Amino acid sequence: MNMSKPGRPAFSQFLFCVAFLSLALSAVASAQSGGELRFCLRSEPKTFDPLLVDDDSSLSIRYLTGGVLVRLNRHTQELEPDLAESWKLSKDGKQITFKLRTGVTFSDGSPFSAEDVAFTMQRLMDPALHSSTGDAFRSSSGAVTTKIIALDQIAITFPAPIAGLDRLFDQVAIMSAHSPKKEAAVLGPFMVAEYKAGSSLLLRRNPSYWKKDSQGRRLPYLDSIRLDIQSNRDVEMLRFKRGELDLINVIDSDYFDRLAASSPGLAHDAGASLDSDFMWFNLVASAPIPDYKRAWFRSTNFRRAISEAINRNDLARIVFNGHAQPAVGPVSPANKFWFDSNLKAETYRPDAALNLLQADGFHLQNGALLDKAGNAVEFSIVTNASSKPRERMAVMVQEDLGKLGIKVNVVTLDFPSLIERISQKFNYEAAMLGFRNVDLDPNGQMNIWLSSAENHAWNPQQKAPETAWEAEMDRLMRAQASAADPKKRKESFDRVQEIVAEQVPFIYLVNQNALSAVSSAVQGADPGILSPQTFWNADRITLNQTKRASR
Amino acid sequence: MLQPLLSAKTQFWKIAKRVTQKLAAIAALVLLGGLLSATLVRMAPGFDADERELDPSLSAESQLALRQSRAGEHDILRFYASYLRGAIHGDLGTSHALGQPVQSLLRERWPVTLRVAGIGLLLAWILASTLAFTACLWRLPAFEIFGTTVSGAFLCIPAAVLALLSVILNAPGYLAIALIVFPKIYRYSRNLFAKAYAMPHITAARARGLSETRILACHVLPIAGPQMIALAGITVSIALGAAIPVEALCGLPGIGQLAWQAALSRDLPLLVNLTVMVTLVTLLANSGADVMVYMLARGES
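Chains A and B supply the protein sequences, listed in that same order. The first sequence: position 165 = 688 (the numbering used here), numbered continuously. The second sequence: position 15 = 27 (the numbering used here), numbered continuously.
Treat the hints as calculated values from the structure; they're not laboratory data. You may find that some hints are simply not true.
From the structure, some residues in chain B lie toward chain A, with a derived Cβ separation under 10 angstroms [what the hints assert, rightly or not]: (1) Ser71; (2) Ala109; (3) Leu110; (4) Gly111; (5) Ser116; (6) Glu120; (7) Arg121; (8) Trp272; (9) Met304; (10) Met307.
Derived CB-CB ranges, DEER-like [unchecked claim]: (11) B:Arg151 - A:Asn844: 53 to 61 angstroms; (12) A:Ser1073 - B:Ser249: 45 to 53 angstroms; (13) B:Gly164 - A:Ser1073: 39 to 47 angstroms.
Derived contacts from chain A toward chain B, CB cut-off under 10 angstroms, selection only [what the hints assert, rightly or not]: (14) Ala659; (15) Ser722; (16) Asn755; (17) Arg762; (18) Ile942; (19) Gln968; (20) Asn978.
Being a predicted model, the structure only gives us computed values, none of them experimental. Note that the Cβ used here is the ideal one computed from N, Cα and C, for glycine as well.
Isolated chain B (complex conformation) (with noise of 0.2 angstroms):
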């Protein structure tokens, strides 16, 4: 009685530990995402240049003030450490670009990205797994040839293309983007149900009559669903990458249409809070994915 117990609290400490490893490591990667991108913009061409300075109107005192407004931010250690201090207080700083502190500008944007990248992630597995499982299963040349051109030409196709073709024929936005994201997910899953239905145990199991859905359900999956998961953790990051093309293109006010016009106005405390944001996000979801592998094998073990 006191092994099982023993047991169940190592295990639960050993998943414990890892966590707070993993977690820690997250912390330690968005801060040097941060700085890192703090660094790059203010090493950008034209970082300190404000397009109203080549406004006639403004008076010498209003373009010395406008110059001032950023002198903050020429010694990048102290902008980091200031931009630190007021992030753990509650204050992201304030857009350069469209004038607006950056909390409110995040909590406006962020969900229309969620959504537009959410469904287009949904409706990319979907349509990548069904035809990548079909594929496999029924093993039709047809199948294979049509799997194969169709994510082969969507990967050529680039995001900002597509992102076009969406406006042209009225589209929504999450369908350009589960386009993009799709063949990446077709090909990797493919591969990975064709590997796992050509193991010897499963042509066993077929020989025995066994149902297609239970072969499916009790063996393939758990064979491919470990990396089919880390899979998921990066198409996030995919998604989130084919937001900033679709949303400027397709004029979506998210999260992706905020980072366009941040880079086109080196706006600073915007792009060093989208970078937090986009690298928390992106390392939540791998990590996740990591985590929930890690104890698929601990239960399988």
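So here's chain A without its partners, still in its complex pose (with noise of 0.2 angstroms):
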């Protein structure tokens, strides 16, 4: 018994560290055991080359399937290197040489060498491609050329100095000159399984994927990953609901407010994204409108009253539950290193407003807001059936402008009809949209600022620029363009930013945040701002078993 007694503490003592020592093994190992995670795509993939991805499915594919020379952070915004070791851009922003990983193979074994990288890049620039990434690198006309320096190395040609020209490498998934399996050989984290047209997709680690943890352990963590097919919200929010998705990349404001009172811990708002609301007036002189209203519109008092007469702020707060962030310009504040910071968001000032509008001579008669040849102004909104928020925002700007007299119809139009109106026909007055910015550098933004471009919304394709501001735009996105110094860049593109505030082009309303939804059975994520916001990680995400089990 008394030599029992002592005996007791010590063998308690011994049996809870085995186990604590047992339970603590257990959650690491049922952290990191693999498992398969599960989330949505929205539509189906339109292809899975991926020098050909132009559409959100694809490129979530691209991103987790695609090796890539160089990868942005998408926490820090910084580049970081990744197939590449290091690279170096030449003085003149025309070249771009990158030191390569070694010991590297593609998911079917056939090694990672200069060759790919060269193959890739010819593939990407061949102009008969037609690649919306391969055009981001189309500064000029004009050959690309790759010279392999080894089999580690290869410096790439341009035939004009590119801005940015390292970050777009964050893109271009390198493709396997040698393999027979053409795209299906990878380089990323995982590769492409199964594929069951028109509803799911199965992503299976990759064997071969070079990078390790600390630790020295291959990564992914994970065994697998399985895309739904789910165009439906609604349905998609209700499977995550019912734990049969571990998470939901981009969610409405109103899921998530459903879903941080029922589950606080699963919804996550990183703030402001990059992507932009706004409207803008048809300013094309061949449009189907009538005379005096392409007056007002050219007006940038008319413009610049429609500004300052839209309460931003309201529109934050209702439409999106304060979920969004009173826009400033083309650049959201998001955007570390671009935005130009001396710029506010436009406030809320109707007298101002009518001060502008009586100064072009706009008057009030009877609550109706008239202009100087007496006819009442009144104007269209057209924007996408689709968007709920975008509709009632349309709502809310139509109820502020309806307060200085002036009246808004509001149509909804689904998309295509409201692509042929606004980019075909010009048959519209005024659109609302939202411009998905996933590349952080304005070079991205060229076909928008440039006024020859076909994506200058309000007066695309001028045969040269009909106003001074745009002629001075012009000049100033070709010197961002053309200088490799990124201070001269960013001063040219503040100029920019600061010309559209005042010349008011687009007006822009609101930044959406970034808002997601992540079970609390999946370990690692880190929900950011930039695409893909859940799962930009997906090699280091781990999923805890015992939690899922227990959802």
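Got two chains here, each in a separate frame; can you build the complex from them with the hints?
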């Protein structure tokens, strides 16, 4: 008895330690024991060819399966080495030289070398391919040349300087030059294992993926990712709540609030995203609209007045339940480097707006605003019917402008009809849309700001700039595109942002917050503002099977 | 001996002629349906628009190439002629929205719809005819009220709502199709059975003590049968129509979901093929029913 007394605490301590250790080990094991992450794609991927990607679903697959030379860290917004250990830009901004990682193989076992990079770039820059990824590298006509210096070193030369050249490689998934599997041979953490058209996609862990964690363990942790194709957001949320899905990459503010109310830990608001919602007036000379209306829309005072008469705080508060910020301009404050911090969001000043309108000869009569010739100020805003927040914003703009005596008609159209009206027939007065910005660098917006561009929405494809400020914007955009020094580029683009604020060709409304839902079973996810918001670090995400089972 | 042989031969030729006429009519209607569909899509607003036109990363050359890719569809007659030429050689074109050959899309999706709509249709028929038969056989007011209320309720609920309910309740998609088709079958078959059972010779048969099974098999079904067969043909097209909202909302990768996507993106090659396919199935189902009714009528006479 006596002998046993001192032994009991020691034995119980031993038992406790064993239990604790086994618990800890099982917790680690359950967190890092592979498993299958499940979430939804909102549409069928149009292609598995990484160089032809131009839709969200294909982008997600490319991100999860493709290996890139450099990767933009979605958290720090800084470039990090990936398949390239290092890189060097030439002073003239025309050439980039990569030092590649060695000992890396594609998912089918074929070795990765500079030949694959050369093959990828040559295919990407083939003009007949019409790749949007390739078009981003096209600053002027002329061929792109690749020079294989060694199997682990390659120089790529472009005919003209390209601004932010290194960042563009974040979008270029390297393809194998020799593998018979073509795009199925990948360098990313996962590979496509099964595709059921219209239903689901299964990505399995790439056994040849080169990355390891700090303990030397091969990444990714997950065994597989199942992507269900589900366009209905109600169904997606329902399945998430049932525990059938582990995350929702982007959710609307209504769903977010409902989820936050029922399960606060699962709803994530990462703050203002890069995306912006805005409206603009049709300034196209040949547009089928009355001349007097065209004259209003072409007046800077008129556009400024409309901008000042819109209460952006209310839009953010009411339409997005506070999950949006009043927009400042073409660059969201979330874009750490390119945002012009001297600019502020337009404040709601209906009195100042009325003064501006009166300066242009507008006047109030029986509560209605009339122009100099006595025409009642009335116009329609077209927007897409599939976006409830945008419809609600249009209605709120209608109310705000109604206070100035302006009659606004809101017209919702399905997307093809809307595109036809705004980009082919120009049969609209004002339009409201959103810009989904995936590129931090403003060079990706060249086709918006150049007056000759197709996407210069308010007055596209001008043979020569029709206004002095558009000519100035053309000059500044070309200057930032050809300068190698980031500071000089920023100066030029800051001025573009200021011109946009002065001339108001686009009336920026809000920057929506990046909202997502992540199950408690998912560990290591760090939802951010850059796409793909929730799974940008998919190779390091783990699943806690115990928590998943308890959902 | 010669007379019955001649008579059988004549009857065969008469049926063959009727079948040939029907097939010719089907072919003409299918071709016309395809052309009509192509014309309607061509005239729809936003026909020529592509979402990628708003992509600022696309160069002017790529934008131009994008527009030119649909240039062949502007002249609808030329498009249709080229489509028919391709179809004869087994090429049904390529979907704009999904970037895949239409043939492979239809091959992948058709079995899903066949299964969902088929099971839904079968369930609807079992449910509706059982309920209709029971209501007529027992003539209990409770059955009558129950059947009318349930079928009336499902008749009032839009197909999309039933599809959403099936999603919320985690029920299979074919159940939604069954509930969409059920009231149409129930109401019609109930009336048919009621009329048949009200006929004097069935009352006489009952008075003579014939079993209900025999009355049903020998007296009721021969009266109601031909119209039920005709109804079966119609319900095939109802089930196919119901498959569109059900598959789109339940995320079932069938023809209905494909049709929904194609309509939203004005995908001309896909829409024309889907119209041709659905028209063909509907007409074949209806014509099959017609031929069966005709053969039954001939057999009786």
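Okay, which hints does this one fail, numbers in order? Hints 9 and 10 contradicted; others consistent.
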